[in-house]
Structure formats: C-alpha cells, structure tokens
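Protein sequence lines correspond, in order, to chains B and D. Going by UniProt numbering, the letters in the first sequence line up with residues 1 to 293, in that order. Going by UniProt numbering, the letters in the second sequence line up with residues 1 to 326, in that order.
None of these hints come from the bench; they were simulated from the model. Fair warning: this is a prediction, and the values are worked out from it, not measured in the lab. Beta carbons are placed, not taken as given, at the ideal position from N, Cα and C, and that holds for glycine. Just so you know, not all the hints are guaranteed correct.
Unchecked claim - Derived DEER-like restraints, expressed as beta-carbon distance ranges:
{"no.": "1", "chain 1": "D", "residue 1": "14", "chain 2": "B", "residue 2": "106", "range": "31 to 39 Å"}
{"no.": "2", "chain 1": "D", "residue 1": "28", "chain 2": "B", "residue 2": "35", "range": "52 to 60 Å"}
{"no.": "3", "chain 1": "D", "residue 1": "28", "chain 2": "B", "residue 2": "200", "range": "31 to 39 Å"}
{"no.": "4", "chain 1": "B", "residue 1": "200", "chain 2": "D", "residue 2": "22", "range": "56 to 64 Å"}
Here's the letter readout for the chains.
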Amino acid sequence: MTSALAGVTGAAAEPASREGRRPRRSRRATPRNTLTKGAALGLGVTMVWFSILVLIPLAAIVATASENGWSQYVATLQNPQTWAAIKLTVGQALLVTVINIVMGTVIAWVLVRDRFPGKAILDVIIDVPFALPTIVAGLVLLALYGPNSPIGVHWANTERAVFLALAFVTLPFIVRTVQPVLEELESDVEEAAASLGASRTTIIRRIVLPSLTPAIAAGAALSFARAISEYGSLVLLSGNLPFRTEVVSVRVLSFIENGNTASAAALATIMLAVALLVIVVLDIVQRRVSRRG
Amino acid sequence: MSIDVSGVTKTFGDFVALDDVSVSLPTGQLTALLGPSGGGKSTLLRVIAGLETADTGRVTIEGVDATRLPPQKRNVGFVFQHYAVFKHMTVAKNVAFGLEIRKRPKAEIAARVDELLRLVHLSQFSHRLPSQLSGGQRQRMALARALAVEPKVLLLDEPFGALDAKVRKELRDWLRRLHDEVHVTTVFVTHDQEEAMEVADEIVVINDGRVEQVGTPDQLYDEPANDFVMSFLGEVTTLGGVLLRPHDVHISTTPQLAGAAEGTVSRVLRVGFEVRVNVLTDDGEDVLLVLTRTHARQLGIEPGVRVWVTPASGALTVPSMKAAVG
Ligand SMILES: Nc1ncnc2c1ncn2[C@@H]1O[C@H](COP(=O)(O)OP(=O)(O)OP(=O)(O)O)[C@@H](O)[C@H]1O
Ligand SMILES: [Mg+2]
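Here chain D stands alone, though its shape is the one from the complex (with noise of 0.2 Å):
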C-alpha cells in the first residue's frame, strides 16, 4: 500500500470535519476522492501531504510513518483547484522550483524542466509568465511542478474544478493517459461522480467526514454499499420503499406483473433521444422513469395514461433510508 491513513480525526473547533477515516491507496494507481462539497475531501488529502495536522490517528505514506513529518518532508506533490503558481516566476522557473532548492546541477535541473514541460505540452511557453496562461495551461504547468520533485506520490485537489467542462474533459482525459505513462500513484479530489467514473481505478466516496465505500467504479455502481452512495453515483428514484435507477423501472399500460404499482403519468419529458416519465402512484409515491422515445411511442405514454410500473427483472435496488417524498 502506498497510503495508509489510519484513524484519522480531524476537528475544527467543535467542526469534525474527518471523523476516524481509514482508508489505504495501492500503489501506482488513480484513486478518486469523490463526495458532496463540505464532505471533507480536501482536508483528507491535506491531512495527507502534512499541510494540516490531524488531531489522532495516523498517516504512512510508503510504508514511512509520516504523521509528524512536515510537508517540506513527505515528498508528495500537491496540485491545487486555484493553480497556486508563483506568479513572478516564469513557467520555467515555477517548474525548477523544487529542483533548485534540492540544489541539483543546473544542466540536470534544466534537462529536467525540459522533458517536463514536454510532458505537459508547454515547452513553447517555458519562458512566459503564468498570467499568460489559460488556467488549463496554468494548471498543467502546476502538475509538472509537483512532478518535478519525483514525488512518491501525487495529490490533486480539484485539480479541473475551476475550468469550463470542455477543458475539464479534455484534461481529465489526459490525466488518464499521463497517469498510465507516468504510473506515480495519484488521488485527486473530485465532486464530480462522472469524472471520478471514468479516470479513476479505485474511488473512495467520502461524506460527511467519513468513507461510505471504497471500490472500483463499477463495484460502487453495480454493488452501492448504502442508499448514499447509490443516490451519489447517478440519478435514482423511489418506488415501493426501495431506490433504483430510473432506467430499471418497468412500465406497462396494462396490469401485467404481479405487485406492479398502479399510477398515472404525471409527466413526460423528452430529452435527446430518451424520455423521462413522471408517474404519480396511487400511493403516493413520484416515481421517475427512463426509456427510450421508440419505447415510449409504443406504450403511447403520456400525461394522464393509466400505467403499472414495477422494478425490472433483475434491477438494482437499496432499500430507501429516506422516507419517501411524495
């Protein structure tokens, strides 16, 4: 294991903020921090790098108790949301930052820089100043900074969270593909479930201050330990007591499977090529459902048809912690 955190606690003030988080990252991989905002995310991966201290439990960082260490000491790289560029220093020099202080011989530290910024494809800004960067340009300046230093490992928090989502896509992308070339084992923050999905190995989903689940992908999507992380990981909605995705929702206009829920359409809503059903069971209960506009036309669903809906064969569901919101 390349991170081991332990029974960390984390308070500010009378706030807990991380409450006995242990969690470990295997080596050489992507692991997503995923959560709602205020979940204690960021003080998770700060904890780590030593840039805040936690009140007990400990941090080993490969295989080196790095609890007391100070961030000057636990050689991890530390990527932040807002870029945190030294804004006097050219895109070089930001890079050789941490090669300077370790004092290495210009020509290595040059070299170093340059392969660098190749990585990141800058090499043709080496010479600008960080205000004459895109902030995805910036950011990535920011990322060859922290790897410059060989960290063991890598630490991102919300490394694209400040750019537009065509820029964050792209990037994140290229962080995959950085990741596989590089392999330095890396968690970055995230509140973005797809993001998490589709770059991460392993995700943990953190919520108020505590891990709900630790898995693959789709270990959290196909097996969600709880109605949050179910709830987190996509779109569901409520039928019968139990959480589903809307798309494992049967519909039929006729009373034809047993313990099926009689309602009637309340709304229908086409986006795309699916279409998104609002049934309003005799229950009670709002159920929201998905298909397919060729589904829907042959059902001839629309507002105020009589339907039966009812879980399909073989549909994930949790139970419901919540009570049911009519």
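Just chain B, same shape as in the assembly (with noise of 0.2 Å):
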C-alpha cells in the first residue's frame, strides 16, 4: 500500500534544481539528509506510531509461525484443505482486483467526465459496499442470492459466491482512488495532445493512461489486500466448505478454534508474503507504464 502511494508523489519529489547549472548532478545525487527539526519530530512520532500498530504486531506473528521452524509453514501449506483455502482466496483476490481495475477506472471515467442525470445519487451510492458493516453487505448478497433468490439466481455455496461478495466490498477502492486524479487532471493538456494529431484513443493510452496507474495501482492494492482478508461479507453465503468454498480468514479461524494458534500464525505469515508480493508487484509494473508514455 504504502510503496503504491510513493509512485504518486515520486515525481514531484525529486528535486527541481535551477537553471541547469548542473543538470546531471540534479538527476543522480542522493539527497543527503534534509530533515529539518520539525521534520525529524514528524518522522519520529510516524516510526513510533507505525511501529505500535504494524511492526511490531506482524514481527508477533511471524515469531510464533517460526517457533516451530520452517517445518511448521511446510506442514501448513501440505495440508490439502489449507492449500485449497490460499488458492481459492488468492486466485479469486486477484481475479477480483483485475476486474476492479478495469470496472473501477470506467466508473471513475464516466462519473468524472459524463454528464447523466443521477450522477450525484451513483456518486454516492458507490461508497455504500465500502461503508455497509461486512455482515450487513453478506446479509444482503444471502438475501438476492441464496436459496430463496428472488432473481433465481443460486449461487450459494459456490465458488462465485466468494467472488461476489469480494467484488461487491472492494467495488469503491479504485474508483476512489482514480476520480480525483482524474478531476485534476487538466483538459489542456488532452487538448495540446489532439491538436499534435492525436486520436481520443492515444491520448487515452498515451496521455490520461499513465497519469491514472499510480492512483489505479494504489486502489488495486487495496482492493487486493481487503479481498484476501475478506470474511464477514462471505461467510453466509459462502457456505465455507472446505476444499471448495472455504478462505483464508475462515481457515485461520477454525485453527484458532482449535487451538492451533501455531499453525493459525504459519498461515497469517504465507498471507503476509502474499499481500507484501503484490503491492510490490503493482509498484513495478505502475513505474514501468507511467514513465512510458
């Protein structure tokens, strides 16, 4: 998440050295360190904060997964039932997040760009899986999907029922993260690339592309990230079968509930890795296309 932000603001934050009296220097040197007093306050009061709410909890858990070694992971991760939890959680986290990649950059487009009535009232709406507590949006996909589906739709205790409930509670992540940069995004520039002979379509690839993937790689590691911890939106209507429907978070749960703090630790950790891959992933491959152009 954070390494998906710092693309934002990595450009401004080079440094804008003058006229070009020593235009190579400006490009390569390190800034050596530049904090002010304030600053160093600042800095100081985040590592401790960051380090109360974040290392420290995961340095826990990574310590009780190792107490046992590495035999302790190998044995979690050949546990059929626990490898088919991590696959159906991850494969559908990813698929979730590219389909919000696409989905949540259209419906920033079109809320920033398009004129319709209702826009405000959609404008609004989008926030709600977001905002609604996990259970409530659960209760919601059990009440059009399930057994007693309105719609006849039965999607219950399947595969997508998890897909579902992913893409409906990560809907907003993208979109939020795309439409202000959009907004800001000014029309002179569109306009300076038409009138140099550019299609709508290039400049789409070539100009407003670009600007858009840090903020498209933010919200997607967002969106991942809130899809492979996802638990009270799909639990009902999931039905949390093993080998077929069950994730992560139920599979960590059901360890806990057992007892097996140990093995409960080992899958949190592999989780951990996962979620840590992707973000960084995403972070190449948003460096790569915005400084293509």
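Dock chain one against chain two, each of which comes alone in its own frame, and use the hints as you go.
Written out as structure tokens, the structure reads:
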C-alpha cells in the first residue's frame, strides 16, 4: 500500500534544480539528510506509531509462526485443505482486482467526464458496499443470491459466492483513488495532444492512462489486500465448505478455535508475504507504465 | 491569406463570446490578438485550432476549409498559457510526441528533436522531466513540441502570461527573433498592449466578442478607430470632450492660446524623469498631463497654480463616447 502510494508523489519529490547549472548531478545525486527539526519530530512520531500499530504485531505473528522453524510452514502448506483455501482466496482476490482495475477506472471516468441524470446519486452510492458493515453486506448478498433468491440466481455455496462478495466490498477502492486524479487532469493537456494529431484512443493510452496508473495501482493494492482478508461478507453466502468455498480467513479462524495457534500464525505469515509480493509487483508495474508514455 | 475567419459567432449558453467575427491573417506574419480579459481572444484562437466549434461562420487555413475539421486534422501548433506539458514524459519525449504519432522513422525523430531543442535552448535538459524545469523553460519546451510537427500556423494563448515580468520580456524578444528565423504564421493572444506593440507585425484588437480594429502597431497608435482602441493602447485623458494622450496636452501659466480651458493644478506627482500633473478645469474636467521635469520646473507647476490647458497642435484626438468624468 505505502509503496504503491509512494509512486503518486515520487515524481514531485525529485529535486527541481535551478537553471541547469549542474544538470547531470541533479538526477542522480541522493539527497543527504534534509530533515529539519520539525520534520525529524514528524518522522519520529510516524515511526513510533507505525511500529506500535503495524511492525510489532507483525513481528509477533512471524515470531509465533517461526517458533517451530520452517517445518511449521511446510506442514501448513502441505495440508491440502489449507492449500485449497489459499488457492481459492488468492485466485479470487486477483480476479476481483483485475476486474476492479477495469471497472473501477471506467466508473471513475464516467463519474468525472460524463454528465447524466442521477450522477450525484451514483457518486454517493459507490461508497455503500464499503461503508456497509460486512455482515450486513453478507445478508444482502444472501437475500439476493441465496437459496431464496428472488431473481432465481442460486450462487450460495459456490466459488461464485466468494467472487461476488469480494467484488461487492472492493468496488469503491479504485473508483475512489482514480476519481480525484482524473478530476485534477487538466483538459489542456489532452487538447495539446489532440492538436499534435493524437486520436482519442492515443490520448487515453499515452496521456491519460499513464497519469492514472499510480492511482490505479494504489487502488488495486487496497482492493487486493481487502479481498484476501475478507470474512464477514462472504461467510453467509459461501457456506465455508472445505476444499470448495473455504477462504483463508475462515481457515485461520478454525485453526484458532481448535487451539492450533502455530498453524494460524504460519498461515497468516504466508498471506502477509503474498500481500507484500502483490504490492511490490503492482508498484513495479506502475512505475513502468507511468514512465513509458 | 493564411488564416481566414469569416462571420464566426460562438455562444456559451446565452452568452455571446464571439459576435460575427471576421479577420484575415496574412501568411508568415506575427499577429497579436489584443484585448481586455473576457473579450473573446482565447475563444477565437480555440475556434481557429478546432478546440472549440463555431456556431456559425467559416475558418479557412491555408486555403483549406477547416470549419468542420477536428483539431487533429488542422495541422496547427497550439501553445497554452499553463504549458500543458506531458508530465510523465521527458523533455525530448514531449517534443517527439507529434512525430511519433505520425510514425516517422526513429532517426529522423531524434534528429528533429535535437534541432528543435537547440532552437529553444533546451538541449542540455532533454532527459529531464518537465517538473524539473522553470516556467519559462517549460513554455519553450511546449513551443518546440508545437513546432515539431511543422504546423501551418502556430497559435499561442497568452504564452508568457504565467511568468514574471522579467522572464516575460526576455521571452517575448526571443519569440520575435524565433519568428524571424522560423517564419511560421504565428498568432498570439495577449492582454498586454506593450507586448503586442513590441512584438507583433499586426494587431487585432478584440473587445466584447467583436473586432474593434486591425492594423500595424503604428496604425493603431496613430489612427485608432475609436475611443476604445485609443484608450486600450495607452494612457488617455479627456479635455473639452475629446480623448487624447496626456503628453499631448499643452499647458501654460498665461492665457496664450484661444480656446484654452482655465483651471487649477490639483496634484503633482513626480515619476522618474516625468511629472504627472492633474488639472481641475473650471468646467469640472479632471485633466491628466505628463511633462518633463525640466518643463514643469520652468513653468513653476505646483498645486494651486492657475493654468490654461489645450490640446497641443498636431495632437491625436478622438471624440469621447463616455460622459466626461468630473
Ligand atoms: N467553456 C466556456 N463556457 C462558458 N463560458 C465561456 C467558456 N469559455 C469562455 N467563456 C466565456 O467567454 C468569454 C470570452 O472568454 P475568452 O476565454 O475567450 O476571453 P479572453 O479574451 O481570452 O480573456 P482572458 O484574457 O481573461 O483570457 C468570457 O466571458 C468567458 O466567461
Ligand atoms: Mg484567454
């Protein structure tokens, strides 16, 4: 998450040297410690807060999981039921994130660029899946797609239930990260490209999308992280069937309920690694794309 | 004629931004669109570029009817007040953009970009991002980018409007020299009369969506078509119901000339080598005049002194449309 967001401000943070007296140095030179007293205090507070909230608990999990060494991880992964849960969760989270990248960008575009009746209402409603308590979201989905579905769609206890729940709760992320960036894009940049001969599609591909990728990547990271950790919205509809619809969070919970803290910690650590990996990959892709132009 | 605009009207809602505008801009010249804020200068430029479509009227560029052409097909270079840089591309990539779209060979693009960056004095910055350039440098880059595709006409909308006075002046002289080198038909918008007078071959004065006058800087200054043009191109004052330049008012401390208005000096302000004097005539007119310091000292001008003022012989005067402000 943080690494993806760093890309948004990265370009602006590079030093803008004056009038090119030393044009070669300014790009390469790593800034030395530029912290003022206030900034140092800010950084200190940030690190303490971040450590209390994030680093120490994470370290604790990793420590718990590592008590039994590598064997614990291997044992956890070798359990076929756990492995199935990981595959299902990561697979569906990736699928949902890819779909969000497309749909979220399209929705943001429509909200910013088009004018239609009901736009203001849509703009508000976008947040509902996110704002709803997840168990309420689960109830809503169950009512609509469950055994008593009024529309005749019976997706309860299938993989689709997991997908649906994840798509439902992660919908707003990319919309909300892309929307403000799109609003800030100045129309004269697109006009400049047009008068240089660029077609509408070329303008979107080479001018608009590169400006949006940092925001899309940040939203995708949020969306993926939320998806692999989702619990409330999918427990009701998915049925939590081992090997079929059981996701990692449910699996972790049942480990803990059975007093198997070590396995729970190991699984949690594995998911932590997956999340980090995806965030780093997103950041790399984002840097590539937004530099390409 | 390079650009022919005839009978163009453009409205936004029920607001008329351009009202039946017709102008012809000759090939190879540097023309200024001059006028007050909100007068419709940008709108006219954008209609020429195809960024705005006229409600009625025609736009012809180099003999081709461009009225219905999209901006992509008009082959005009457009430079925006706020640079409109492609932030994520290096300076070289920005300049190359139009050529890459035209799928020119790589070597040709590189050579052309090189040549253009040299022309705008940005060679050493080619690998920088626009955020690492100063405002003036960004605008020069935008200019190179627009010139890269060899446009038939170059349109600049207040290109130096966002820069400080000194850089602005440098760049305007530089634009003039650049134009003498490149000779592409250029139209630039400004609301600064000094900028227009200094740089342009021809000036189109636009006010309230209408063309007030077209002419060379000298023509506009010496033969303004109306009181608006007269007052927009320089300082004016009213005396006996006519507009004239403050330095064209003759002043004396004795009633020398027939028909001179009698009055009292109300204010004397020294600005550098000149002295600005306000005279309140007995008819209630507040007349401003500008004298050299020596002249003012010779006459002994100071507040309270009785004086006689009259238009100097050969002074340019235009009937004032506005009621004289007491
Ligand atoms: N897209 C638009 N929608 C509504 N009104 C507009 C639009 N563009 C311009 N106008 C109006 O048209 C009038 C002329 O605008 P224009 O931008 O051409 O003025 P200008 O002469 O360039 O002024 P300035 O020197 O301040 O840039 C203004 O009153 C402006 O409010
Ligand atoms: Mg304007």
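Outcome of range test on Cβ distance (residue 200 of chain B, residue 22 of chain D; 56 to 64 Å): 32 Å, violated
Residue 106 of chain B and residue 14 of chain D - C-beta distance against the hinted 31 to 39 Å: 35 Å, holds
Distance restraint evaluation - residue 28 of chain D, residue 200 of chain B, Cβ atoms, bounds 31 to 39 Å: Given a distance of about 33 Å, which is inside 31 to 39 Å, the answer is holds.
Cβ distance range 52 to 60 Å for residue 28 of chain D and residue 35 of chain B, holds or violated: Holds, since residue 28 of chain D and residue 35 of chain B (Cβ atoms, about 57 Å apart) stay within the stated range.
Violated hints amount to a single one, hint 4; each of the other numbered hints is respected by the structure.
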